[in-house]
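Just so you know, the protein sequences line up as chains A, B and C, in that order.
Numbers given in our numbering equal positions in the first sequence, counted from 1, plus 3.
Numbers given in our numbering equal positions in the second sequence, counted from 1, plus 17.
Numbers given in our numbering equal positions in the third sequence, counted from 1, plus 7.
These are computed hints drawn from the structure, not numbers from a lab.
Just to be clear, a hint being listed does not mean it is correct.
Claimed, not checked - With a Cα cut of at most 16 Å, we get these calculated EDC-like pairs of lysine to aspartate or glutamate: (1) A:Lys164 <-> B:Asp427; (2) B:Lys171 <-> B:Asp149; (3) B:Lys543 <-> B:Glu306; (4) B:Lys165 <-> A:Asp50; (5) B:Lys188 <-> B:Asp113; (6) B:Lys188 <-> B:Glu106; (7) B:Lys165 <-> B:Glu190; (8) B:Lys174 <-> B:Glu143; (9) B:Lys225 <-> A:Asp95; (10) B:Lys165 <-> B:Glu143; (11) B:Lys384 <-> B:Asp350; (12) B:Lys126 <-> B:Asp254; (13) B:Lys437 <-> B:Asp427; (14) B:Lys430 <-> C:Asp143; (15) B:Lys437 <-> C:Glu78; (16) B:Lys171 <-> B:Glu143; (17) B:Lys123 <-> B:Glu213; (18) B:Lys126 <-> B:Glu213; (19) B:Lys165 <-> A:Glu99.
Single-letter residue listing:
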Amino acid sequence: MTSYIIRRLLLVIPTVFFALSFLFFLFFTLPGDPASLIAGGANRKVDPAVQERIEARYGLNKPLHTQFTDYWARTIHWDLGDSFLSQRSVNDILGERALASIRLGIWAVLIEVVVGIAVGLLSALRRYSLSDRITTVLTAAASAIPVFVLGFLLQWLFAVKPNQWGWPQWARLRTQGIGPNSWTLFFIPTGDQWRYLILPAITLACVATALAARMTRGSMLEVLRADYMRTARAKGLRERDVIMRHGMRNAMLPVVTLIGIDFGTVIGAAVLTETTFSWPGLGSAIANSVQARDLPVILGLTLAVVIAFAIINLLVDLSYAWFDPRIRLGKGEHS
Amino acid sequence: MGLSLAAAACGGDSGSDNNNQAQGSGEKPQQGGTLIEGGTFVGDPPSNLDPALNQELDAYQVVNALYDGLTDIDISNPDKPVTRPMVAEKYTSNDDATEWTFTIRKGLKFSNGEEILPSSFQRAWERASNPDLAGPYSYLFNFIKGGKEKLDGKADKLAGVTVDDDNMTLKVELSAPYANFPTVSGFQIFFPMPKEVDSLKDQTSWDKGLMIGNGPFKLEKPRSDTEIDLVPNPEWDGTKYEGFNLPKQPYLDKVQLKVSADPDTSFNAFEAGETDTGQIAAGRFKDAEQFGNTKDVDILGSYYWDINQDNPMLGGEKNLLLRKAIMQAVDRDTINKSVYEDSRVPSNQVTMPGLPGYKADLCDFCKYDPTQAKKDFEEWKAAGNKLTKPIDLQFNTGQNHDQVAAIVQDNLKAIGIDSKPAPIDQENYFDQLSDGACVMCRAGWYADYPTYDNFMYDLFHSDSAHGGNNYSNYSNPEFDKLVDEAKATVDTDKANSLYQQAETLLLNDAAVIPIVWYRGDYVFNKDKVGGFTQSSLGLIPFETVFIKS
Amino acid sequence: MTLVEPGAPTAIGGQPEPTGAEDMGEARPLRADVWKRFRRNHLAIAGLIFLILLVLAAIFAPWITSYSITERSTSYRTGPSSAHWFGTDAIGRDVYTRVVYGARVSLKIGFVATFLLVTIGVVLGAISGFFGGGIDTLITRVIDIFLAIPYIVLAVAIASVFGRSENAVILVLGLTGWLALARIVRASFLSLKNLEYTEAATALGFSRNRIMARHILPNALQPIIVYGTISVGAVILSEAALSFLNVGPQDPTPAWGLMVAQGKGSLSNAPHLLFFPGAAIFLTVLAFVFIGDGLRDALDPKLK
Numbered sequence: 004m005t006s007y008i009i010r011r012l013l014l015v016i017p018t019v020f021f022a023l024s025f026l027f028f029l030f031f032t033l034p035g036d037p038a039s040l041i042a043g044g045a046n047r048k049v050d051p052a053v054q055e056r057i058e059a060r061y062g063l064n065k066p067l068h069t070q071f072t073d074y075w076a077r078t079i080h081w082d083l084g085d086s087f088l089s090q091r092s093v094n095d096i097l098g099e100r101a102l103a104s105i106r107l108g109i110w111a112v113l114i115e116v117v118v119g120i121a122v123g124l125l126s127a128l129r130r131y132s133l134s135d136r137i138t139t140v141l142t143a144a145a146s147a148i149p150v151f152v153l154g155f156l157l158q159w160l161f162a163v164k165p166n167q168w169g170w171p172q173w174a175r176l177r178t179q180g181i182g183p184n185s186w187t188l189f190f191i192p193t194g195d196q197w198r199y200l201i202l203p204a205i206t207l208a209c210v211a212t213a214l215a216a217r218m219t220r221g222s223m224l225e226v227l228r229a230d231y232m233r234t235a236r237a238k239g240l241r242e243r244d245v246i247m248r249h250g251m252r253n254a255m256l257p258v259v260t261l262i263g264i265d266f267g268t269v270i271g272a273a274v275l276t277e278t279t280f281s282w283p284g285l286g287s288a289i290a291n292s293v294q295a296r297d298l299p300v301i302l303g304l305t306l307a308v309v310i311a312f313a314i315i316n317l318l319v320d321l322s323y324a325w326f327d328p329r330i331r332l333g334k335g336e337h338s
Numbered sequence: 018m019g020l021s022l023a024a025a026a027c028g029g030d031s032g033s034d035n036n037n038q039a040q041g042s043g044e045k046p047q048q049g050g051t052l053i054e055g056g057t058f059v060g061d062p063p064s065n066l067d068p069a070l071n072q073e074l075d076a077y078q079v080v081n082a083l084y085d086g087l088t089d090i091d092i093s094n095p096d097k098p099v100t101r102p103m104v105a106e107k108y109t110s111n112d113d114a115t116e117w118t119f120t121i122r123k124g125l126k127f128s129n130g131e132e133i134l135p136s137s138f139q140r141a142w143e144r145a146s147n148p149d150l151a152g153p154y155s156y157l158f159n160f161i162k163g164g165k166e167k168l169d170g171k172a173d174k175l176a177g178v179t180v181d182d183d184n185m186t187l188k189v190e191l192s193a194p195y196a197n198f199p200t201v202s203g204f205q206i207f208f209p210m211p212k213e214v215d216s217l218k219d220q221t222s223w224d225k226g227l228m229i230g231n232g233p234f235k236l237e238k239p240r241s242d243t244e245i246d247l248v249p250n251p252e253w254d255g256t257k258y259e260g261f262n263l264p265k266q267p268y269l270d271k272v273q274l275k276v277s278a279d280p281d282t283s284f285n286a287f288e289a290g291e292t293d294t295g296q297i298a299a300g301r302f303k304d305a306e307q308f309g310n311t312k313d314v315d316i317l318g319s320y321y322w323d324i325n326q327d328n329p330m331l332g333g334e335k336n337l338l339l340r341k342a343i344m345q346a347v348d349r350d351t352i353n354k355s356v357y358e359d360s361r362v363p364s365n366q367v368t369m370p371g372l373p374g375y376k377a378d379l380c381d382f383c384k385y386d387p388t389q390a391k392k393d394f395e396e397w398k399a400a401g402n403k404l405t406k407p408i409d410l411q412f413n414t415g416q417n418h419d420q421v422a423a424i425v426q427d428n429l430k431a432i433g434i435d436s437k438p439a440p441i442d443q444e445n446y447f448d449q450l451s452d453g454a455c456v457m458c459r460a461g462w463y464a465d466y467p468t469y470d471n472f473m474y475d476l477f478h479s480d481s482a483h484g485g486n487n488y489s490n491y492s493n494p495e496f497d498k499l500v501d502e503a504k505a506t507v508d509t510d511k512a513n514s515l516y517q518q519a520e521t522l523l524l525n526d527a528a529v530i531p532i533v534w535y536r537g538d539y540v541f542n543k544d545k546v547g548g549f550t551q552s553s554l555g556l557i558p559f560e561t562v563f564i565k566s
Numbered sequence: 008m009t010l011v012e013p014g015a016p017t018a019i020g021g022q023p024e025p026t027g028a029e030d031m032g033e034a035r036p037l038r039a040d041v042w043k044r045f046r047r048n049h050l051a052i053a054g055l056i057f058l059i060l061l062v063l064a065a066i067f068a069p070w071i072t073s074y075s076i077t078e079r080s081t082s083y084r085t086g087p088s089s090a091h092w093f094g095t096d097a098i099g100r101d102v103y104t105r106v107v108y109g110a111r112v113s114l115k116i117g118f119v120a121t122f123l124l125v126t127i128g129v130v131l132g133a134i135s136g137f138f139g140g141g142i143d144t145l146i147t148r149v150i151d152i153f154l155a156i157p158y159i160v161l162a163v164a165i166a167s168v169f170g171r172s173e174n175a176v177i178l179v180l181g182l183t184g185w186l187a188l189a190r191i192v193r194a195s196f197l198s199l200k201n202l203e204y205t206e207a208a209t210a211l212g213f214s215r216n217r218i219m220a221r222h223i224l225p226n227a228l229q230p231i232i233v234y235g236t237i238s239v240g241a242v243i244l245s246e247a248a249l250s251f252l253n254v255g256p257q258d259p260t261p262a263w264g265l266m267v268a269q270g271k272g273s274l275s276n277a278p279h280l281l282f283f284p285g286a287a288i289f290l291t292v293l294a295f296v297f298i299g300d301g302l303r304d305a306l307d308p309k310l311k
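Build the full structure now, drawing on both the sequences and the hints.
Take a look at the structure:
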């Protein structure tokens with residue numbers, strides 16, 4: 004087991020290296036000069052002398068391979084450099100943004116896990132009944148709404164309209180921002196914080212919850228039909244025990260995979276929700292830095308996301324052993 | 018930097034926004050309260066607050082509140098805006114405007130109590146012209162003698178700057194005669210700096226902490242990506258600036274500028290009551306009318322299409338009639354009413370009301386006249402010319418210029434001219450144009466500082482062609498001569514007349530197709546906020562905004 | 008992974024990645040049975056009917072609309088009326104016309120991008136699963152690397168190179184969407200190649216390509232078909248997301264996603280700008296989900 008973990012952790016290194024190097028070269032081949040964009044080139048033509056000076060300042064006029072080695076030389080020491088646009092330390096930016104993303108992500112995944120799995124389970128147990136059909140339609144519908152449309156709709160319903168109708172403050176939610184940024188136990192909102200958290204969390208969780216519900220239902224149905232379930236029932240176990248002891252664990256495998264992917268996504272790619280609600284997370288920071296070709300920020304934040312993803316994948320794979328003892332770690336298809 | 022308002026805005030009820038003077042006339046400003054400002058940062062957080070590095074209009078709002086410059090523009094009479102000395106008590110020049118002497122007021126202080134001296138400006142200017150700092154606006158130091166050498170790294174100091182702290186004089190020798198230098202000297206890159214910047218190891222760390230400035234406000238805490246908090250600067254005294262009608266201290270206790278990631282969200286936040294001010298998002302101008310707003314403020318900004326004079330099909334004397342046809346074919350009113358929801362002003366020239374020297378109606382055919390347009394087009398064709406291919410209507414993606422292009426295309430089609438929209442990615446749009454890619458390309462320009470030459474020289478002088486902001490590559494020696502002479506003329510009336518003649522030439526050559534002038538786009542909660550307006554540069558005078566009780 | 012944040016079409020299909028060989032090797036349902044079973048699923052039929060109507064609307068668009076997509080009127084942002092069934096947009100264009108023509112755009116993007124990602128995913132997944140060894144490791148590594156890179160980065164990069172247009176969107180979605188499918192196909196091939204009939208085929212001397220194409224692939228088809236169907240809907244949703252991020256088709260292309268992104272602020276004063284294209288997306292995606300569900304149940308060998 005330990006050797007498996009170590010091997011997996013070591014595998015992260017080449018993944019990170021190739022992913023980031025790929026991005027590095029990708030951005031140098033893209034049209035759009037970072038030096039020009041830093042100087043406001045999106046709005047006007049930048050004075051060529053100024054552009055040259057900016058290039059010199061950020062080492063953008065050095066040959067590509069020099070910049071590449073310089074980049075890795077400092078990244079190995081976890082020095083992610085300074086943003087081209089604002090000269091803020093990328094380590095600082097990462098710290099702020101990662102915390103915000105993780106907190107939002109935890110709540111989105113919690114909703115997904117609790118609501119999604121419960122709904123999926125129930126509809127699997129009551130398969131083909133009316134409530135199952137209704138749930139099928141609802142979950143399909145929930146996965147068919149563009150995320151940002153849902154976000155703006157919720158904003159409008161729970162913050163803008165209440166103001167126009169003159170509702171008291173305690174009945175209203177907030178449209179944007181991270182608010183007071185006050186938390187206990189790292190992720191529990193205190194004071195007014197929950198008003199800022201709830202709409203983005205629901206928006207972010209909505210599609211994922213629907214998908215998790217469908218996945219759970221599908222997976223559970225597969226399992227309920229399986230041979231070993233028939234054996235368990237034939238042995239005379241109660242249906243409830245059959246489900247909980249034998250069915251659940253096996254059914255959870257693919258769901259856990261999904262949740263793992265989702266957790267990584269909500270941390271690093273929740274750009275739509277973050278932009279809609281001005282939640283200062285990693286996704287929107289990466290998106291903005293890509294538009295501005297702010298290379299240190301793009302690479303620094305992506306590095307963190309890639310590593311986070313790898314660790315989450317590892318945890319998910321480790322959990323397989325708990326869910327299904329037949330799976331021997333180290334063999335098999337999961338990488 | 019402060020803004021002059023009318024001493025007492027008389028007449029008009031508090032709902033009337035027909036002037037850019039103090040709102041809620043007749044209301045006495047009260048002390049105290051926090052303004053939650055949500056209309057400035059509606060997409061990105063500010064990149065820089067350092068006046069030597071900033072090039073964003075949004076961030077300028079904050080920089081402007083943190084610092085006061087040598088001069089500022091007074092718009093208490095909107096028809097006759099004028100530059101007034103601010104931190105400078107007075108300024109004089111020699112006869113040919115190559116040398117300007119500023120006398121700095123005594124007794125002004127930075128927020129840490131340090132006295133503001135002429136050397137405060139010299140220190141700031143040496144810092145801002147340091148080639149290693151590479152500020153986007155550092156090219157402005159080319160105005161000053163020795164500036165180019167300093168920027169190229171050939172000199173250590175700006176040769177043309179001499180200070181005498183005992184006599185409080187700051188003498189500036191220019192590299193060429195320039196009558197508008199005092200106005201330009203009020204721009205952010207020329208703001209003063211305290212001694213502390215000399216001890217910084219890394220100049221870019223200046224705006225990461227609590228910058229020390231001489232403006233009405235100071236930073237309460239280091240800025241974050243989500244919020245910037247300003248509190249009054251106790252060392253600031255607005256009454257010391259004669260003629261500006263500023264209070265001794267700002268009325269507000271605090272200004273919180275919130276950063277939003279999306280303009281629609283930010284307007285929703287305003288409508289939800291979470292912020293006291295907001296920026297009017299596209300599509301929401303009708304909603305904005307029920308709130309206090311700055312829609313009637315004339316902003317020094319112009320939106321136009323350049324036509325490349327180097328293009329054999331469109332440019333030069335022989336195609337003048339074609340360009341005149343284009344000029345008269347465009348229906349600016351429809352563009353303004355539809356794309357801009359009637360929030361801007363259809364324009365008939367590049368310069369606009371509120372700009373010192375502006376004179377209306379310099380061009381008699383710069384208006385919508387499709388009949389005459391058709392005639393001109395026919396006449397052009399009759400002379401043996403023809404369009405070899407559809408005219409490319411180039412614009413940058415990401416804003417609603419595609420809708421403007423669609424209307425222009427229709428307008429041209431109506432008189433028989435074939436054209437097609439040609440979007441170019443935002444990231445390298447202006448670079449490409451500057452390299453000569455412009456055929457008929459859309460451009461816009463916000464004044465950096467309120468001078469006629471900022472529009473004429475920077476946008477249409479031959480110096481700015483082929484590599485600068487003159488995408489039309491308009492190179493008319495007569496135009497150049499008029500502009501160069503105007504720049505050197507100290508007599509304002511004479512200079513303005515020269516600029517007007519130059520612009521008339523430009524318009525009669527139809528090298529540029531003006532579309533609209535910009536206007537203010539803020540909303541505010543008029544039950545809570547008083548004194549809220551925008552200057553012609555789009556800046557908010559936070560020191561005269563107050564919370565109503 | 009798509010910008011349906013988060014979730015791959017696998018999850019929309021509610022079908023787990025095959026982990027074992029339990030449902031392989033059993034009799035595949037006959038084609039006639041498949042259709043009979045599909046027919047019994049009312050939601051799937053409803054989805055199919057909607058899709059057929061949509062395709063017809065796309066084909067016959069000029070006959071069922073009375074304006075052109077760029078034709079402007081002088082009523083700006085007005086709501087539904089007898090002259091303009093779905094209202095007008097900011098510069099006076101008829102929303103109904105644009106939504107109908109938008110079907111062409113969205114369906115094109117949906118089908119072409121899905122075709123692209125299915126092709127790449129199946130080919131790479133099959134090679135990876137069947138041949139194993141070095142090439143398998145290489146392909147799975149590549150998949151891992153690309154899955155780890157945040158989506159928006161790749162999307163903006165591709166869009167910068169290919170411009171902001173329908174084709175760029177198709178490329179973006181096609182080039183990034185194959186990752187999950189490749190994994191599924193790989194898993195199928197891995198398990199299938201160990202079955203007896205594969206051994207038999209090998210013993211009989213059939214070439215590897217033939218075994219892959221004629222023996223394994225048909226059995227692995229079910230997840231591919233379901234995934235592909237639902238992908239079309241997911242791609243259409245992603246187009247909306249990309250338009251929101253300003254990386255999609257530009258005006259005057261009447262893409263639904265673009266119209267929704269442009270209309271997001273109009274809830275209070277011009278909801279029709281958001282509602283009609285939004286409903287179009289919603290119903291289309293829903294249709295594909297139901298059809299996908301129906302196909303999955305109909306193709307499932309164990310379902311009676």
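Do the alpha carbons of Lys225 of chain B and Asp95 of chain A lie within 16 Å of each other, as the hint requires? holds, 11 Å
Does the structure keep Lys437 of chain B and Asp427 of chain B at a Cα separation of 16 Å or less? The hint holds at about 10 Å.
For Lys384 of chain B and Asp350 of chain B, compute the direct alpha-carbon distance and say whether it is at most 16 Å. holds, 10 Å
Lys437 of chain B paired with Glu78 of chain C [C-alpha distance capped at 16 Å]: holds, 15 Å
Please verify whether Lys174 of chain B and Glu143 of chain B have alpha carbons no more than 16 Å apart. Distance ~7 Å between Lys174 of chain B and Glu143 of chain B Cα, so the pair holds.
With the threshold set at 16 Å, check whether the alpha-carbon distance from Lys126 of chain B to Asp254 of chain B stays at or below it. Holds, at about 9 Å.
Mind checking the alpha carbons of Lys430 of chain B and Asp143 of chain C for me, to see if they're no more than 16 Å apart? Judged against 16 Å, a Cα distance of about 58 Å means the pair is violated.
Within a Cα-Cα threshold of 16 Å, do Lys188 of chain B and Glu106 of chain B meet the stated pairing? Holds. Lys188 of chain B to Glu106 of chain B sits at ~14 Å (cutoff 16 Å).
Starting from Lys123 of chain B, check that the Cα of Glu213 of chain B is at most 16 Å away, please. Violated - the C-alpha atoms of Glu213 of chain B and Lys123 of chain B are around 20 Å apart, more than 16 Å.
Assess, step by step, whether the Cα of Lys188 of chain B is no farther than 16 Å from the Cα of Asp113 of chain B, and give holds or violated. holds, 15 Å
Hint check: Lys165 of chain B vs Asp50 of chain A, CA-CA at most 16 Å. Holds or violated? holds, 13 Å
Is Lys165 of chain B close enough to Glu143 of chain B, meaning Cα to Cα at most 16 Å? Judged against 16 Å, a Cα distance of about 12 Å means the pair holds.
This entry does not satisfy hints 1, 14, 17 and 19, going by the numbered hints stated previously.
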